[in-house]
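Asks: Read off the chains here:
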Amino acid sequence: MLFRGVEIERTYAEAFKMWGTRLVITAETEGWAQVAAEAASGFAISVIGCGCEAGIEGPVPPEKTPDGRPGVAVLLFASSRKDLEKQLVGRVGQGIMTCATTACFSGLDGDETVPVGGKLRYFGDGHQGSKVIDGRRYWRIPVMDGEFLVEDRFAMQRSVGGGNFLILADSAAAALEAAQSAVTAMRSVKGTILPFPGGVVRSGSKVGSRYKFLSASTNSAYCPSLRSLVDSELPPEVQAVYEIVIDGLDEAAVARAMKVGIEAAARPGVVRISAGNYGGSLGQFQFHLQEILSEEEGGDRS
Amino acid sequence: MTLIRPRFAFEAPVEAEVLVPEHFAPTSLAKAGRLRVAYGRQSCPLEELFEIEADGEEALILEGDFSRVKKIGRAMTEGLLIVRGNAGMHLGSSMAGGTIRVEGKVDAWAGAMMRGGTIEIAGSAGPYLAGAYPGELKGMMGGTVLVRGDVALRAGERMRRGIIAIGGRAGEFAGSHAVAGTVVVFGLLGGRAGAGSKRGTVVALGGLDEELLPTFCQGGLYRPLFLMPLLRFLADCGFPVTHAHRQGPYRRWTGDVTSLGKGEILVHEKL
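Protein chains in written order, with numbering that gives the first Met the number 0: chain A, 0 to 301; chain B, 0 to 270.
Just chain B, with the same shape it has in the complex (with noise of 0.2 Å):
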């Protein structure tokens, strides 16, 4: 594994794409320390900012705060790279594949458009989870992200493929404009959820913070099957999925009639 701490606590935001485990493969390993990031407005060499400790294995573990690092595994293919804290903006963001462990919660951003891998948070997570940057008509396109605490808002922005499944709360706008894909929320579901989505599905294991946008039409009552394989694989994942959970019966919403009106929201009914 190789193991980078901070050499000290940031006092500026760092830009840190070059974390990611393709980086440190046992070939590359000696160029790493003299990979570029950004130190607030200065750019300097990686070991300048980390102490970087290695022993061939492939496993990349950052281990400290880095909630002012940005950019943690951004784009990255392959591999396993673990936080041992928090993670700042952007973690993952247009990831293709590999694996991301964040023992703590991570900042706004995390796997924005990401197009596939796995992202695990075991705390929080900050706004725009898998969504779309400004401008951009595609959030996430594939791959997994779990968050075992609350999500801010706007999480599955725009999302086209994928699932996020979040263990707690869920803010805002989940699943807004979504195309396909799915979000299932085990806590409380936001206000506003799939606000504006074509197609893509949401899940409320756990009830309505607030009562969905006029723009969804329900459906009818009923048992989807394809939950239970994704139940399941929740299940696999560790989320507190139950027998009730199992059973049923989900109320089905569909919307939103001011886009093309076949996203859905299904909602668990407590019986």
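Next up, chain A with everything else stripped away, as it sits in the complex (with noise of 0.2 Å):
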């Protein structure tokens, strides 16, 4: 399939099932409340070497927040309730707490919760109290410029991680722009995130490797500079590869991203664009790429 002339490879993105929530993060300014989000996102890109996947959805507007402050929303993904609740005191704790300022609101409703506040309030050391307003339980925790407001319980929903595209052009810079293009279209769908630097991942891996205390290693198969080393994946002109990966809150957000950003990515320099998977073996999830593309703009794929 060709689209405004970049091939689409018949292939599909391998995603898999996690469990999401959103943090939405205020503070007297958006500037601090920014500085709070990507403290608690940071060093957040991938499940296996950072616990969790985390990344910033966007800001919130003061009449959508709990407080009428400026805010802005995080996504934070793990693999599992324990390794989620754990990712998020922690990152909370530290990243947000500490940050002048700020209060922290669970983004998300439903009868899956985690407690944050209930167990970060022992900072307070007995001076901490709860209010329950509106049928949510708030800790305030005193802290030297005032009082620290988290919610007691955070709600979480079943997710999916891992949704990705590659783009394969015939140059780094062409390479490079084009997932730049992408990124930026990308961050604008709600409910996803893409949790690599700048969006942008360089280093895509692959399964195992040839050491056994590395379970993940280089992928091989799309690095330029081994195409006469191994059984290589690009064509004869292509340069450069950049990987797009995002992680969503549903599988819809996830599939809404991908269109965005293939359609963002494909541009001229762009010679193919393709996917990571497994043999479809691993995940629970398959985006295949064409079918993506023909959607209506705004289907729903769950």
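Read the hints as simulated data drawn from the structure, not as lab findings. No residue lacks a Cβ here, since even glycine has one placed at the ideal position from N, Cα and C. Warning: the hint list may mix true and false statements.
Computed Cβ-Cβ distance ranges for the label pairs, DEER-style [what the hints assert, rightly or not]:
no. : chain 1 : residue 1 : chain 2 : residue 2 : range
1   : A       : R135      : B       : E10       : 45 to 51 Å
2   : B       : T241      : A       : D108      : 26 to 32 Å
3   : B       : P12       : A       : F122      : 50 to 56 Å
4   : B       : P25       : A       : T28       : 53 to 59 Å
5   : B       : K30       : A       : H126      : 51 to 57 Å
6   : B       : E210      : A       : F122      : 45 to 51 Å
Simulated pairs of lysine to any residue, SDA-like, Cα-Cα distance not exceeding 25 Å [to be verified]:
no. : chain 1 : residue 1 : chain 2 : residue 2
7   : A       : K189      : A       : R157
8   : A       : K211      : A       : G67
9   : B       : K197      : A       : D151
10  : B       : K261      : A       : K63
11  : B       : K137      : A       : D133
12  : A       : K63       : B       : D235
13  : B       : K261      : A       : G145
14  : B       : K269      : A       : K16
15  : B       : K261      : A       : K16
16  : B       : K197      : A       : S129
17  : B       : K197      : A       : G134
18  : B       : K269      : A       : T28
19  : A       : K205      : A       : D133
20  : B       : K197      : A       : R136
21  : A       : K63       : B       : K197
22  : B       : K261      : A       : H126
23  : A       : K118      : B       : V178
24  : A       : K16       : A       : G145
25  : A       : K63       : B       : F238
26  : B       : K261      : A       : G117
27  : B       : K269      : A       : D144
28  : B       : K197      : A       : P141
29  : B       : K137      : A       : H126
30  : B       : K197      : A       : F122
31  : B       : K197      : B       : L212
32  : B       : K137      : B       : E119
33  : B       : K261      : A       : Y121
34  : A       : K63       : B       : G247
35  : B       : K197      : A       : D133
36  : B       : K269      : A       : G67
Quick partial rundown of chain B residues pointing at chain A, CB under 7 Å, derived from the structure [to be verified]:
no. : residue
37  : Y221
38  : L224
39  : P228
Hey, can you piece these two chains together into the complex? The hints should help.
Replies: What follows is the structure, given as structure tokens:
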């Protein structure tokens, strides 16, 4: 299939079940909320190496935050409820509570919840207090600029991690330009994040390695410099590849982000758009590139 | 809906704790008229004192003068009860769920020892709003009480949880002996607020009627963040929350030091 002159390979991205949650971080200014959001979502690239995957979903206007202050939404994904709880408590406690003027709220509703404020409250050393407002419990933890307000429990939901596509281009510059273009477009898709630095992956990986201690290693089939040494997947004219990885709160959001991203990445210099999978044996979700691209705008795959 | 009207002006108090939506569900409507109520020292069927009209809908509407009818909505657990007029003492006492809406004023002990649900009062409320009956240690233990007008003394006495919002003035001893919970007063806060409280919060948005008790100590001047979702909730409920209320700052007073001393009174500072 050709899309704007770019070959869309008949393949699919293989993605995985994860648990996801949304944090709404507020502060006196959007700048401080952003600082806290960056701290809380830092070093959260991959569940394998970081314990979770996280990223900034976008700003939340004051009229939509629980406390009427400017906010930033962060999405956080982990492999299990337990991991999610551990990561949430650690990141809210270290990345948000420590940041000037902030408060932190659950950005999802639902019956599946994990305690966050209920665990962080002990930092108040007996001076903490809780308030139940409109059916939600908040903890007030005294801090040096007033109080840190954090919701008792954060809702979570079954989510999708590891949606992806690969951009194969005839030069490194063209590949990067296409990747950046895709990232810019995909940032507008609510319910998704791109957990890698700048939203772009340069060190795509394959399962396993020649070393016993290493469970994943460089995706040699897509490294242009190894073309003559391995079974390369790259056409002769391809000189650089970037991958975009997407985590989303549901399957439909990931599909929407992939569609928007692929459309934006189909630019001059891009030779082919492909996707990473493991033969369908590992992941619970499959996102077929050609199907996604053929779907109507706003279509729901779920 | 079920519409209930008094058949005549009552000369003696009526105790009608059967006036809860549960008794007027379509399945039990036939028996509702035979429910017993106390009229003065007599016991009589409900239909002897009240006209009952029903069309099978769930809301229970009381229309007319119910100011001498006590215990309306007592211990109710669900549904909607509307009083189109004034209501007598003990309205919604010990209620656990559902909503009571009074379009007039209510007498003493409304919401006493309630555990859940919502009481909305368009007019004023008498003393001991959401309080504890004599000898009881616990007053309000959950739910929400919203009063648009003034409230007499001892609102929220011994409360343990829940929110009381008062659109007008609050009489003396608001939030006294509280263990937790929140009382928000948009008008003047009466004297001796929070007396004997262990924890809990009284928020004075409209100033103080007199100085706070000396057993409350001054804390900082700041904007308590929990007030933001609380004020938003109250604004959604129709209370006159202003930009100044949201901005603060608030002077925090902690006490009562004769008790545990972890209660607080937050006084809005008009800058």
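Asks: Tell me the hint numbers this structure goes against, listed in increasing order.
Replies: 6, 8, 10, 14, 15, 19, 21, 24
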